[in-house]
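Respectively, the protein sequence lines represent chains A and B. The letter at position 149 of the first sequence is residue 163 when you use my numbering, and the numbering goes up by one with no holes. The letter at position 263 of the second sequence is residue 277 when you use my numbering, and the numbering goes up by one with no holes.
I should point out that these hints are in silico values taken from the structure, not numbers from a laboratory. Just to be clear, a hint being listed does not mean it is correct.
Pairs count within a copy or across copies, as identical chains cannot be separated in the list.
DSSO-like cross-link-like pairs, simulated, lysine-lysine; straight-line CA separation at most 27 Å [what the hints assert, rightly or not]:
(1) K208 to K246
(2) K208 to K193
(3) K131 to K226
(4) K131 to K208
(5) K193 to K131
(6) K246 to K226
(7) K73 to K314
(8) K314 to K226
(9) K226 to K256
2 protein chains.
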Amino acid sequence: MDEVKVLAPATVSNVVCGFDCLGFALEQPFDEMTVRKIDDRAVRIINHDHFGLPTDPTKNVAGVALQSVIDAAQIDFGFEVEVTKHIKPGSGIGSSAASACGAVVAANRLLGDPFSKLELVGLAMAGEMLASGSRHADNLAPGIFGGFTLVRSTEPLDIVQLDFPPLFATVIHPQIEVKTADARAMLPTQVPLKEAVRNWSNLGSLVAGLAKADYDLIGRSMEDTIVEPVRKSLIPRFDELKSGSLASGALGGGISGSGPSVFMLSETSEIANGVAAFMENHFETTGISFQIHTSPITSKGGVVVRC
Amino acid sequence: MDEVKVLAPATVSNVVCGFDCLGFALEQPFDEMTVRKIDDRAVRIINHDHFGLPTDPTKNVAGVALQSVIDAAQIDFGFEVEVTKHIKPGSGIGSSAASACGAVVAANRLLGDPFSKLELVGLAMAGEMLASGSRHADNLAPGIFGGFTLVRSTEPLDIVQLDFPPLFATVIHPQIEVKTADARAMLPTQVPLKEAVRNWSNLGSLVAGLAKADYDLIGRSMEDTIVEPVRKSLIPRFDELKSGSLASGALGGGISGSGPSVFMLSETSEIANGVAAFMENHFETTGISFQIHTSPITSKGGVVVRC
Chain A
15 MDEVKVLAPA TVSNVVCGFD CLGFALEQPF DEMTVRKIDD RAVRIINHDH
65 FGLPTDPTKN VAGVALQSVI DAAQIDFGFE VEVTKHIKPG SGIGSSAASA
115 CGAVVAANRL LGDPFSKLEL VGLAMAGEML ASGSRHADNL APGIFGGFTL
165 VRSTEPLDIV QLDFPPLFAT VIHPQIEVKT ADARAMLPTQ VPLKEAVRNW
215 SNLGSLVAGL AKADYDLIGR SMEDTIVEPV RKSLIPRFDE LKSGSLASGA
265 LGGGISGSGP SVFMLSETSE IANGVAAFME NHFETTGISF QIHTSPITSK
315 GGVVVRC
Chain B
15 MDEVKVLAPA TVSNVVCGFD CLGFALEQPF DEMTVRKIDD RAVRIINHDH
65 FGLPTDPTKN VAGVALQSVI DAAQIDFGFE VEVTKHIKPG SGIGSSAASA
115 CGAVVAANRL LGDPFSKLEL VGLAMAGEML ASGSRHADNL APGIFGGFTL
165 VRSTEPLDIV QLDFPPLFAT VIHPQIEVKT ADARAMLPTQ VPLKEAVRNW
215 SNLGSLVAGL AKADYDLIGR SMEDTIVEPV RKSLIPRFDE LKSGSLASGA
265 LGGGISGSGP SVFMLSETSE IANGVAAFME NHFETTGISF QIHTSPITSK
315 GGVVVRC
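So that you can see chain A by itself, here it is in the shape it has in the complex (with noise of 0.2 Å):
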């Protein structure tokens, strides 16, 4: 095989009380990526899409993540990938982590997949370090496993997959600019022990609730007292849209990512779509422009090989 096509799904991490360690996998939006063998040991990027992302592969999340993949191989050719990006760059849906994520999962494809999951996640890092600067695992973990995952530690990586049961996210990407170092930049360095405690007692009673498919337990445990009050000033109206959002039927829901995105999860799809119109009437108000995704949540989901 030379030539491999994937579906690289958006994922959402941060998710409430979950915040940098869970995430989980929509299956749309997507990115396709179309990835073949060349002979220079070399990665060349060709774009499809508007967003006029990097084409130099040092500076292109895609590339960097492909470049990995060689060195770790230790391979003596390279790799062309055809971008066409439906996820947008600062979305807070993991847009550079679905770069970096199908370009792992096919050139280790193309390689005959000696590298695991958890092997996939770490060479698409280098990615995510490129885009964020930092080295985290909560967007990659589920765009390569799928589903819910847990990133319980990123030296050494362990990630868990949790149980879960059915599941639909109603995500509202408003188009604002949120620069990710910006929203770090809001995080106090220090927290309350106090509001520590209530925040692993939600963790733990959310990975609970999921686990025993209790759905007033997993809405009761999507609380966080710690970073939404300082970044939901970066969404315009986000105590109306996530009030609403709940009277619509909603379990819980919050900022994707370090927005501007936000989601929230449901327990069926009707209910899901419910939330999307309350969400569209309300937006329309801001003047704002914006885009809504439904999609369920499914332990199949990661980043889905094409041929």
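Could you slot chain B onto chain A? The hints should help.
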């Protein structure tokens, strides 16, 4: 029914990364309590042990807990309780919680079980308030529900029963005094966000590991970089005690409650007994006298009614 006998078990709280929320019940040691109705709307305490606990019901944990049942049930009679404690006060394995749990479960049975388990934890909290000066439920929840419990919130009270595989605890109680107030005063009021993230990643993983019966994950997740580093100075030669227990096959463990007891969890009773043998050898070198308990953790745990 005018009289009931209950066995109220010891409990371990602050389970490594589960500070102030996670707990589990042992099968032994346990306190024996006999509660009977009396005509007076009052509480009478009879102690059969040698711990010299107060017999004034307003100063006795079981007394305060019984009074809270009398008030909540709006009854016109009272209770007498005969107590034989086997769980030493101040041991860090929920001695006061056992008194409170045994009292409310017994009184509830004598009244025809009008209160739910959740309500009983709420009623028993009056006793814990007397013992420690704070409204906490992390020993009461496993004392009433059995097994592993997570207190998601105390206001409102929200308790999650966790699924877990067969596990065996080894608990050593060095006969030294650790005042809960002193152990509390050692805690930082603020913690670095980075360490808080590490802790909630571990707690989420521990809950997932318990639900999946993944013993390796349970072991890897039992890490505490917030509380244990400051409190371990209370326990003589804690580091050697822990590392030797792990070398003996324990999955992990740490300080029970606010100490001085230390617990370890193991996959089998044989390993738990091996850990006990190591602890015994280890502690004999310190010259401090001690007690060691080994016990399975079962979901049938909690207060047992023996009438």
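Practice prompt. Check K208 against K246 for me: Cα-Cα at most 27 Å, and say if that holds within a copy, between copies, both or neither.
Written response: Close inside one copy (21 Å) and across copies (20 Å); limit 27 Å.
Discussion item. Within a copy, between copies, both or neither: which one fits K131 and K226 at a CA-CA cutoff of 27 Å?
Written reply: Answer is both: 26 Å inside a copy and 19 Å across each meet the 27 Å cutoff.
Fill in: Within, between, both or neither: K208, K193 at alpha-carbon 27 Å
Classified as between; 20 Å across copies, 29 Å inside a copy.
Fill in: Status of K226 relative to K246 across identical chains (alpha carbons, at most 27 Å)
neither (30 Å within a copy, 35 Å between copies)
Worksheet item: 27 Å Cα cut-off: does K226 pair with K256 within a copy, between copies, both or neither?
Response: within (25 Å within a copy, 32 Å between copies)
Worksheet entry | Copy assignment of K193 with K131, given that the CA separation must stay at most 27 Å | Neither way: K193 and K131 sit 29 Å apart in one copy and 48 Å across, limit 27 Å.
Worksheet item: Is the C-alpha distance from K73 to K314 at most 27 Å within one copy, between copies, in both cases, or in neither?
Response: neither (31 Å within a copy, 58 Å between copies)
Discussion item. Reference check for the pair K314 and K226, CA-CA at most 27 Å: within, between, both, or neither?
Written reply: Classified as both; 19 Å inside a copy, 19 Å across copies.
Worksheet entry | Up to 27 Å CA-CA - K208 versus K131, copy category | between (36 Å within a copy, 26 Å between copies)
The structure fails to meet hints 5, 6 and 7 from the earlier list, while all remaining hints are met.
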